[in-house]
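Q: Sequence positions in the sequence shown follow the UniProt record's numbering and run 1 to 576.
Quick caveat, the hints were computed from the structure, so don't treat them as lab data. Be careful, since some hints might not be right.
[Stated by the list, open to error] With a straight-line cut-off of 30 angstroms between C-alpha atoms, the simulated DSBU-like cross-links for lysine-lysine are: (1) K404 / K371; (2) K167 / K116; (3) K202 / K176; (4) K204 / K172; (5) K354 / K311; (6) K116 / K253; (7) K250 / K311.
[To be verified] Label pairs and their computed distance ranges (CB to CB): (8) P49 / L342: 16 to 24 angstroms; (9) L342 / R36: 47 to 55 angstroms; (10) G376 / R528: 29 to 37 angstroms; (11) K102 / Q61: 17 to 25 angstroms; (12) G343 / E187: 33 to 41 angstroms.
Just so you know, even glycine gets a beta-carbon here, dropped at the ideal spot from N, CA and C.
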Amino acid sequence: MADDKSFVMERAAFKNVEVIDEGRVSRMLMEERLQRLAKTLNGADIDMPEWMFSKTMRSAQIRFTDHSILRVIQILGKLGNWRRALQVIEWLQMSERFKAHKLRFIYTAALDVLGKARRPVEALNVFTAMQQQMSSYPDLVAYHSIAVTLGQAGHMKELFYVIDCMKSPPKKNFNKGVFEKWDPRLEPDIVVYNAVLNACVKSKNWEGAFWVLQQLDEKKIQVSSTTYGLVMEVMYACGKYNLVHEFFEKMKKSFIPNALTYRVLVNTLWKEGKSDEAVLAVDQMEKRGIVGSAALYYDLARCLCSMGRCKEALMQMEKICKVANKPLVVTYTGLIQACLDLGNTHDARFIFRKMHGVCSPNLVTYNIMLKAYVEGSLFEEAKELYLKMTGDGGTHYMNKSDIKVLPDIYTFNTLLDACSAAGKWDHFEYFFTEMLQYGFHFNAKRHLRMILDAARSNKGELVEMTWTHLARSGRSPPVSLVLERFCLRLESGDVAAAMACISSLVSGDLGRNAKVGWTNLFKDNAHRFKQEAIDRLMNEIVRQQSESPNPFYGTLTACCKEFLRDSTYTVPTIVD
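Generate coordinates for the entire structure from the input sequences, incorporating the hints supplied.
A: Below is the structure:
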């Protein structure tokens, strides 16, 4: 009997374990389903029909509770899909089955998602929706979230509206029932006032910073180190560097400055041209045992680069490597840009060379260096760098995977603009050919003037290249390009080809009415045309007029006669 009793107890113990395990498994399964649902919603088309969205939600095999909906919104937020998170809330509002008991938490989660996505307008809309029900009316957490979001966006007016709502009773009369003494009014705390300071940074409102300090003093709210740091940022943004130093000294009396505060101080000293003091400030920070941020060391390095001390700046890279989250290529590119902003191409090239031993330059780095070369009239160096960028082969590689860094349209526009401005038409032709071969298109607004200038500098083949490119893509050539090609054909004596060029203009207004335009065209290009070519052109006009009568031919003939007469040529007798 004793054995039987112990056996029963043992089985009961196993049963208890099984129940616990099943509970754990079910929670894991529920989390997996929530993750799967969020990823499905994230990958679906944002414009999916409402019925399909509802079907996706219901087919997830999830019992929708406040917690499960909260988790879906949080997961969508981590995936960066704030639009879908709002769509989930809209679906809940229309669902008759789902009755949230903690709707405030769901809305607050949405506010957090929108804040991280930097969507202040949408966050304010959610905040307004929260005020429409007693069960969702904002609490202190919600006020913190909306205040921080609006402050980071610099929306001062909207932020003060939120503060007024926080301090005032609800505008809507709720049926309080047993919660007759419910009073949602709250006083702004240090988090809200810090959000105001954030807005002051964006709007460069130094008076607002002093108002915040006054409010904190009147309400006996303890000023934090973050508050002093934000006040320093406001003064820095407003260019009041003396006040930055003043508040830094005040801060040191009560708090230990953090890395963010030292970053503001370093940037202030940089603006004041005090690079030695900036280095000294960072040294003092490190002696206090404060670990600097990557942003702090990066700003110090840029400060040194702007002062022509690039070797000292590169010494900061070891510190940046220890705390950096961003790729090092971004840091090196910023240092190169700091040198170039000073007009120091030599140091920029030095850092660029050092960079290759640590990380590979990206497209932004190459574009910055290419611009520096062409602005310094170093066209051969620019071409050599371009070849290195594309793998020493440019478009000779048939496989794009062989190319180190694919150039973009900014790359080519930078090179083409510089070559055109300097009259380096051989370089211009090379880069324009490369641009077309890489699949980028001719832009009339950007490239037409340069192509015409090149054609008038003995680079007429560029007109043909552009003409062929436009024909392949089914685009009509600009009128200026048509006329330039007409002049080139007439200059070479190919009268039939010249007439073929302007065939598209015969039926247009330019052909029928623009006699002055054609007259000016002949006058402006008189040095390019021979009398024999004009004679043959007039005969070709008569031939085409007999085949297909058009008023345009009469206009063009009159312009030719006027041109010959003004050029002291003898007007020929046209052979019928």
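Q: Which of the numbered hints above does this structure break?
A: 3, 4, 6, 7, 8 and 12
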